[in-house]
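Student: Chains as they are written, first to last, in our numbering: chain S, 1 to 452; chain F, 1 to 452; chain A, 1 to 452; chain B, 1 to 452.
There could be a bad hint or two in this list.
[As the list claims (entries may be wrong)] Here are the simulated DSS-like cross-link-like pairs (lysine-lysine), alpha carbons at most 25 Å apart as the crow flies:
1. B:Lys448 / S:Lys76
2. B:Lys448 / A:Lys13
3. A:Lys38 / B:Lys448
4. A:Lys48 / B:Lys448
5. B:Lys51 / A:Lys64
6. A:Lys76 / B:Lys448
[Unchecked claim] In silico negatives: residues of chain B with every beta carbon more than 10 Å from chain S:
7. Lys180
8. Asp190
9. Val206
10. Asp286
11. Lys287
12. Pro382
13. Glu416
Because the hints were derived from the structure by calculation, they are not lab data.
Ideal Cβ placement from N, Cα and C applies to all residues, glycine included.
There are 4 protein chains.
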Amino acid sequence: MARKGDQPVKLSKELFLGLIPQHILDRGLIVLDETLIKPIKRLFEQRKLPKEGWSDDTIRLLLKVLSAIDTDKDPKAARIGEREARITSPLVSELAAGFNHGVGRSGVLIDAQPKAAGASLMYQIANRLAEDVLKKFGIENIKGAYVIPLATGMSIALVLKVARDLTGGRDVVYPRIDHKSPLNAISLVDLKPKIIPCKLDGDALVSDPSNVESAINGQTAAILTTTTFFPPRQTDDVIAISKIAKEKEIPHIINNAYGVQSPKIMNMIRSAIFKGRVDAIIQSTDKNFLCPVGGSVIAGTDEEFLRRVAHSYAGRATAAPVVQFLAAILSLGENRYRELIQQQQEYYNLLKDQLGEIAEKHGERLLKVDSSIAIAMTITKPRIAHEIGAKLYTSRVTGPRGLPKQDSTFGTCYDEYPTQYLTINAAIGVEETDIRTTVKRLDELLKKTPLS
Amino acid sequence: MARKGDQPVKLSKELFLGLIPQHILDRGLIVLDETLIKPIKRLFEQRKLPKEGWSDDTIRLLLKVLSAIDTDKDPKAARIGEREARITSPLVSELAAGFNHGVGRSGVLIDAQPKAAGASLMYQIANRLAEDVLKKFGIENIKGAYVIPLATGMSIALVLKVARDLTGGRDVVYPRIDHKSPLNAISLVDLKPKIIPCKLDGDALVSDPSNVESAINGQTAAILTTTTFFPPRQTDDVIAISKIAKEKEIPHIINNAYGVQSPKIMNMIRSAIFKGRVDAIIQSTDKNFLCPVGGSVIAGTDEEFLRRVAHSYAGRATAAPVVQFLAAILSLGENRYRELIQQQQEYYNLLKDQLGEIAEKHGERLLKVDSSIAIAMTITKPRIAHEIGAKLYTSRVTGPRGLPKQDSTFGTCYDEYPTQYLTINAAIGVEETDIRTTVKRLDELLKKTPLS
Amino acid sequence: MARKGDQPVKLSKELFLGLIPQHILDRGLIVLDETLIKPIKRLFEQRKLPKEGWSDDTIRLLLKVLSAIDTDKDPKAARIGEREARITSPLVSELAAGFNHGVGRSGVLIDAQPKAAGASLMYQIANRLAEDVLKKFGIENIKGAYVIPLATGMSIALVLKVARDLTGGRDVVYPRIDHKSPLNAISLVDLKPKIIPCKLDGDALVSDPSNVESAINGQTAAILTTTTFFPPRQTDDVIAISKIAKEKEIPHIINNAYGVQSPKIMNMIRSAIFKGRVDAIIQSTDKNFLCPVGGSVIAGTDEEFLRRVAHSYAGRATAAPVVQFLAAILSLGENRYRELIQQQQEYYNLLKDQLGEIAEKHGERLLKVDSSIAIAMTITKPRIAHEIGAKLYTSRVTGPRGLPKQDSTFGTCYDEYPTQYLTINAAIGVEETDIRTTVKRLDELLKKTPLS
Amino acid sequence: MARKGDQPVKLSKELFLGLIPQHILDRGLIVLDETLIKPIKRLFEQRKLPKEGWSDDTIRLLLKVLSAIDTDKDPKAARIGEREARITSPLVSELAAGFNHGVGRSGVLIDAQPKAAGASLMYQIANRLAEDVLKKFGIENIKGAYVIPLATGMSIALVLKVARDLTGGRDVVYPRIDHKSPLNAISLVDLKPKIIPCKLDGDALVSDPSNVESAINGQTAAILTTTTFFPPRQTDDVIAISKIAKEKEIPHIINNAYGVQSPKIMNMIRSAIFKGRVDAIIQSTDKNFLCPVGGSVIAGTDEEFLRRVAHSYAGRATAAPVVQFLAAILSLGENRYRELIQQQQEYYNLLKDQLGEIAEKHGERLLKVDSSIAIAMTITKPRIAHEIGAKLYTSRVTGPRGLPKQDSTFGTCYDEYPTQYLTINAAIGVEETDIRTTVKRLDELLKKTPLS
């Protein structure tokens with residue numbers, strides 16, 4: 001069989017000669033080259049996040065070309081395995097962007113699949129971009145990153161599994177975060193959370209590194225810290241804790257669910273890596289990179305640790321979250337992402353101002369908590385925080401949480417927080433209208449239950 | 001400005017090195033090359049109908065690459081004309097397959113548009129394929145063909161305009177066809193139809209070339225003949241009439257609306273070109289090439305005549321019918337189209353057998369008419385042919401026509417045809433189930449009105 | 001057969017009971033109703049341009065539902081006509097948005113097609129919106145409008161055909177516009193242009209209504225006036241000419257190619273209709289409504305005249321330009337369209353300021369011409385206007401025209417215009433960056449050829 | 001706020017009145033109702049696998065309507081959470097079929113998400129169909145089933161986690177299957193495989209239930225059996241083992257990766273459920289239902305067990321594998337799926353005949369193993385099985401495996417299998433051409449290395 005793969009795949013100008021006038025053809029080929037061909041070539045040459053975001057058409061072409069390489073697209077292939085990416089209808093293939101073989105191999109998530117050269121290339125590129133975007137936006141001292149086709153919680157499980165195997169420990173030292181996913185993750189890999197209670201520091205709920213330190217013992221499999229949660233819970237002091245982790249030789253995992261959008265948090269993580277021990281940092285793709293729910297990026301400081309994570313995954317996986325991340329990050333590009341991060345900060349400040357005003361107007365106040373994404377405001381009885389949250393939902397405001405719930409303090413990260421409150425986010429991608437509408441509707445709601 | 005257009009647009013293997021193992025990459029690039037790149041290169045090199053039909057993905061890639069060349073896709077272009085293909089939303093562009101500038105220039109339909117190199121290339125290729133498919137399927141003695149973004153009727157008008165200008169004549173000698181579109185076409189370009197009545201030859205309605213000959217005079221702008229109509233109307237004797245046209249030096253235009261599917265008709269036209277005069281042959285894209293309604297192919301035997309047709313069109317035009325034709329013909333390929341033509345003949349025979357049987361059963365008979373596409377069956381009173389057609393429509397059988405209508409004989413091509421009848425088509429693309437269902441429903445209908 | 005059509009097509013809430021909690025379901029159904037169902041219902045109830053533009057998803061749903069009604073989508077239909085919208089592949093159908101039967105009937109463009117209930121509904125709605133948008137944006141005294149699947153030039157031909165038949169005249173009185181399409185249109189329907197030369201009025205080229213009046217005689221089939229052309233050619237005085245048309249009883253057709261974007265022009269046309277005679281007003285869909293090239297809207301003041309136009313079209317037609325217009329106008333909505341019109345005016349002023357500056361800097365000046373869309377600037381020798389236009393094209397500025405060309409004055413609308421000039425447009429949809437880039441590149445070009 | 005959700009969402013016939021003639025409208029609405037509306041209504045009413053497969057258009061409409069319900073589609077929503085399904089571009093949303101919020105809630109995979117009513121409905125329906133298809137195709141005695149957005153291996157991990165928690169055991173009794181995914185799954189949830197070696201029974205490798213029984217002890221968390229693997233490994237005797245599981249009160253999990261296509265295997269599982277204990281049965285969506293890799297269906301016989309599985313998942317998840325399964329199964333319908341199962345059996349027999357012939361011709365023989373999907377053929381030295389597999393791959397035959405590999409017996413499920421062999425699958429969806437091409441290429445390869 002002739003080795004067609006040896007030839008460059010090219011469309012040279014000669015092909016089009018004689019069909020249209022030369023100057024029009026030249027003009028057209030410049031556009032073709034600049035908008036479609038060059039960006040794709042540059043992506044594969046540099047394997048970095050492009051400065052300028054791509055158009056949907058360019059991304060579509062990339063995905064089409066790559067998915068066309070998988071064996072299920074080969075009309076001359078004889079396909080006689082038990083898994084051959086046979087698909088019932090064009091729509092079903094379209095729903096997978098043509099990556100019908102998924103990604104990964106039975107034993108190792110990131111390995112190339114012989115039947116899916118295209119999906120394998122796609123995945124490698126996605127991983128390189130994931131690594132690059134994290135490096136460019138604050139943690140240049142990581143050693144690698146993988147896009148995992150699992151949301152943050154399940155990815156935490158994968159990483160904890162590796163920590164468990166490395167240490168033989170049974171416990172995860174975990175400064176209290178009232179979020180079910182990480183708790184499920186801990187339980188999935190048969191570990192126990194050793195919850196470190198929060199302390200009240202003014203309005204803020206903070207974890208104390210010295211409590212983390214004293215909780216560590218021979219049974220400790222890992223420390224799991226958290227950078228992003230609803231105020232009044234503040235970011236864990238990952239720098240101090242990473243120093244402890246280094247000293248105690250305990251794996252340290254940072255749940256950085258939506259921290260990429262915060263230069264301050266990213267900066268803290270970078271310092272933590274420099275000054276102490278951080279084994280893995282896990283970030284949500286949807287919450288940071290404006291793509292659909294379902295993926296996460298696991299970054300690491302040690303290639304061997306990352307390799308073990310890839311070996312922990314049981315089997316192959318859906319390509320969808322990887323493709324979605326890749327498309328989202330290419331669509332953004334470095335410049336647009338930087339802009340969005342700046343806008344987030346501006347909208348955060350807007351939210352703070354606006355919310356402060358109506359808090360004062362209605363006898364409430366903003367909690368004093370160090371956060372760059374979300375804000376909490378007191379809710380005073382007879383107002384019921386949880387009801388206000390529910391009413392906002394039915395008036396088409398999504399996202400705010402009223403806490404504590406009447407039947408439980410889970411969610412507050414504290415057993416007896418002194419006041420009810422409502423949290424509101426100005427996360428990346430929020431728009432001014434979201435903030436103004438929310439504040440307006442909240443204003444109306446508060447008016448209905450005056451304090452006296 | 002650097003001349004990027006001089007470089008071949010290529011994706012060489014080196015780009016992907018180090019991302020996945022070499023043997024997987026090689027295997028993948030073979031598929032890429034064979035399924036996507038090669039067909040497109042070969043199309044531009046050969047500019048002929050491919051043997052094998054293309055997948056939708058390959059066609060999509062071709063259209064995407066071509067439409068990406070138009071200036072409206074150039075992010076660096078400054079666009080300051082009155083027409084810049086600015087589009088309100090991605091969907092709207094998608095509805096034009098990205099060819100937002102349409103095709104053609106103000107003065108000449110087939111000329112390249114400076115703002116639309118891609119659409120211009122696309123149109124040229126469509127024209128080459130149109131010419132090639134007609135040559136391959138029977139009329140290899142044409143000199144060129146254009147895909148016109150107008151259905152058959154309007155294309156007849158364009159051609160008649162040229163004939164009118166060439167001759168200075170006012171009349172179109174037109175063997176009677178009871179079809180409004182060509183009559184509208186004649187009228188649009190300010191000509192008068194000079195209708196040649198049909199003769200009854202057994203069951204068949206035929207036109208007599210000698211009547212055509214005697215109708216020609218100094219006012220004759222063109223002869224318009226027809227190859228395909230509902231039986232009992234038979235194909236005009238285009239060979240005899242082309243000889244008359246040659247002798248009398250009168251432009252001869254053949255309305256070959258759905259004749260490409262019939263090797264017999266195509267053969268007749270070829271002979272007519274050899275033996276006499278044929279200026280233009282017009283065929284529907286939808287009826288012959290299984291694409292949506294809206295386009296036609298004008299073929300000619302003289303390049304100057306065709307050039308004049310292209311100059312007759314007033315302005316630029318929608319690219320859609322051209323794109324649809326191009327996609328349809330690439331999707332078919334030569335082999336599949338040949339198969340479809342063979343199947344048509346088989347299904348025609350099946351229809352004839354089936355219809356013959358139920359005709360006999362219900363006291364009717366098939367009209368003896370020379371046709372290879374449609375069949376007519378007598379309808380005897382008290383059965384009302386027109387009502388049977390209407391009832392078939394409401395019982396979800398589309399296509400049959402019951403004639404004559406109660407209030408008019410228009411449609412029969414004859415003033416007093418001796419019987420009512422129903423016509424049914426087994427045109428290209430018909431499936432066995434269409435025929436069997438139709439016959440079954442017709443059987444039920446006839447049962448309800450027994451003859452005695 | 002049961003009459004399913006009698007039942008309302010509904011998805012009631014009960015269908016979803018028990019699947020998800022009630023309050024989430026309620027919340028979801030509100031969105032479904034408001035974003036998808038309501039807009040579609042309201043569109044059919046009111047048959048007017050919506051205030052707010054639709055999302056692509058809503059438009060897509062409308063098109064999907066309508067195209068699903070055509071008989072070629074009916075899996076139970078037996079299809080045995082010669083035209084049954086059989087399609088080779090899903091892509092080909094997609095390229096027609098599923099409207100594979102096109103629009104219109106053999107004899108009348110706007111009539112419903114029995115095989116295509118959906119396309120027929122789609123076309124009717126498009127026509128109602130076309131009428132409504134023209135009424136809302138200035139000419140509320142029209143009596144109807146049709147979207148024609150032909151660009152402006154060919155639509156002018158259709159209208160002239162009707163005028164020709166009504167009057168029996170042979171000439172079109174035509175204040176000089178150097179544009180090939182309308183001249184082709186006149187010729188297509190076998191009329192002769194009787195060109196009324198322009199007069200020089202300062203810098204402006206204007207037509208003199210009294211010359212129009214004196215050109216009218218027994219051979220006059222129509223007067224064709226023009227509202228939009230490149231400066232220094234100014235808008236014809238359609239009010240004065242409409243009065244003449246009324247008095248002389250001559251059909252008056254206004255080529256309003258891209259005039260909808262100009263409130264001033266629309267106002268003039270409204271007055272012309274009130275005060276005189278206007279039979280038809282023709283506007284481009286692409287130049288006014290940001291949709292792909294290929295359609296136009298013919299508006300009329302007399303229903304009978306419009307009906308005749310619809311009868312002039314020979315056959316059925318591609319649905320694509322109609323669908324594209326419908327999608328574009330729904331995407332815009334009244335509010336966004338109004339905004340775009342305001343922006344156009346702002347950008348026109350910006351262009352004027354910017355161009356004025358660099359004209360002065362390089363020893364040129366802006367021509368004093370009354371226009372709200374385009375601007376012309378002198379080009380003085382040794383600079384060659386036509387070369388500057390060509391150089392702008394190769395430096396990726398599309399649209400500007402340098403006139404007169406070296407070998408012809410066609411394009412200037414005048415035989416010996418006293419200066420060379422360059423025209424630049426700030427047409428609807430232009431963006432600030434287009435203007436600034438153009439001015440910058442022009443500045444660089446002029447610098448290279450200083451005047452002294 | 002008015003409760004719009006209380007109104008049925010309906011498009012009644014009245015909406016369209018006056019636009020097109022009544023009989024055409026009636027005809028069209030029948031098609032609309034039958035092809036789009038009825039199937040969707042029936043799906044929600046019955047919540048069962050439809051008899052007839054759906055067209056892609058109908059599926060697309062369903063997905064569009066459901067995804068339109070999620071809050072991120074609500075233009076009036078104010079979105080101020082940390083996760084609001086904000087998406088960078090239309091393409092990115094399209095890659096998720098609009099289900100940008102994914103599925104599930106933080107604590108429970110199958111719970112409705114308040115922000116995603118549409119995704120929640122979609123997921124519920126997918127689960128109902130998954131349950132129904134399994135019941136219809138053989139295991140009507142299950143109590144429920146969930147579509148899990150994880151491939152088989154990871155789903156095994158979820159189920160084992162539940163078994164581990166229920167029993168407190170540490171070991172998984174596992175009749176030897178040399179497949180990395182289940183081993184990774186066992187390890188992920190911190191269990192140890194207790195491998196039960198296979199016995200050689202003629203050519204076949206079988207597991208002995210009595211060895212399973214004797215391996216069970218106080219540390220046993222679960223028994224994991226396997227129905228589908230490459231011959232010569234035969235299906236585990238799940239009936240006998242389920243009886244042991246019942247007697248010993250040990251959770252029994254069946255890895256039924258691609259067994260749904262085999263009526264014989266499904267029948268065995270049904271009997272196992274009746275006669276013994278089966279806690280969960282896990283099947284791949286891609287290998288059974290012709291959809292892309294990435295999902296699985298976990299069926300159970302106890303609702304509480306299933307509920308626990310849903311609680312084991314850590315967080316929300318990508319909707320993609322669920323959507324892909326839903327689309328695939330709707331596209332198939334019951335009838336087509338039954339046909340495919342019958343065809344699989346026919347092609348299996350064809351493969352057996354063909355392969356038998358060339359085996360004999362080249363001095364090899366088929367291994368006598370009870371299987372209805374795959375076949376193994378001896379490979380005798382000097383032929384090297386593993387090389388033959390590799391050569392088939394490069395000659396574009398995907399799927400065959402040559403074993404044992406030169407450096408390991410992993411894959412054979414046996415330490416010293418007496419012969420090398422090649423396995424070939426005739427799995428569901430295989431086509432005749434795949435088999436004939438494979439056999440032909442294998443014939444050529446064997447010819448090159450004659451045995452003597």
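Student: Against each hint, give a clear statement of whether it holds in the structure.
Tutor: Checked hints:
1. In summary, the hint linking Lys448 of chain B to Lys76 of chain S is supported, as the alpha carbons are separated by about 22 Å, within the 25 Å threshold.
2. Restraint check for Lys448 of chain B and Lys13 of chain A: the C-alpha separation of about 68 Å exceeds 25 Å, so the hint is violated.
3. Between Lys38 of chain A and Lys448 of chain B, the direct Cα distance comes to roughly 70 Å. Violation of the 25 Å bound is thereby established for this hinted pair.
4. Using a Cα cut-off of 25 Å, the hinted pair Lys48 of chain A and Lys448 of chain B is violated, with the two alpha carbons roughly 75 Å apart.
5. Note on Lys51 of chain B and Lys64 of chain A: the hinted pairing holds, with a Cα-Cα distance of about 24 Å set against a maximum of 25 Å.
6. Distance check on the hinted pair: Lys76 of chain A and Lys448 of chain B sit about 54 Å apart at the alpha-carbon level, beyond 25 Å; violated.
7. The claim that Lys180 of chain B lies off the interface is violated: its Cβ sits roughly 4 Å from the closest Cβ of chain S, which falls inside the 10 Å cut-off.
8. Residue placement check: Asp190 of chain B does not keep its beta carbon more than 10 Å from all beta carbons of chain S (closest about 4 Å).
9. With a least CB separation of 20 Å from chain S, Val206 of chain B remains clear of the 10 Å interface cut-off, as annotated.
10. The Cβ of Asp286 of chain B sits about 6 Å from the closest Cβ of chain S, inside the 10 Å cut-off, so the non-interface label is violated.
11. At roughly 5 Å from the closest C-beta of chain S, the C-beta of Lys287 of chain B falls inside 10 Å, breaking its exclusion from the interface.
12. The Cβ of Pro382 of chain B sits about 23 Å from the closest Cβ of chain S, beyond the 10 Å cut-off, so the non-interface label holds.
13. The claim that Glu416 of chain B is not at the interface with chain S holds, since no C-beta of that chain comes within 10 Å of its own (minimum 23 Å).
Hint compliance for this structure: hints 2, 3, 4, 6, 7, 8, 10 and 11 are not met, and every other hint is.
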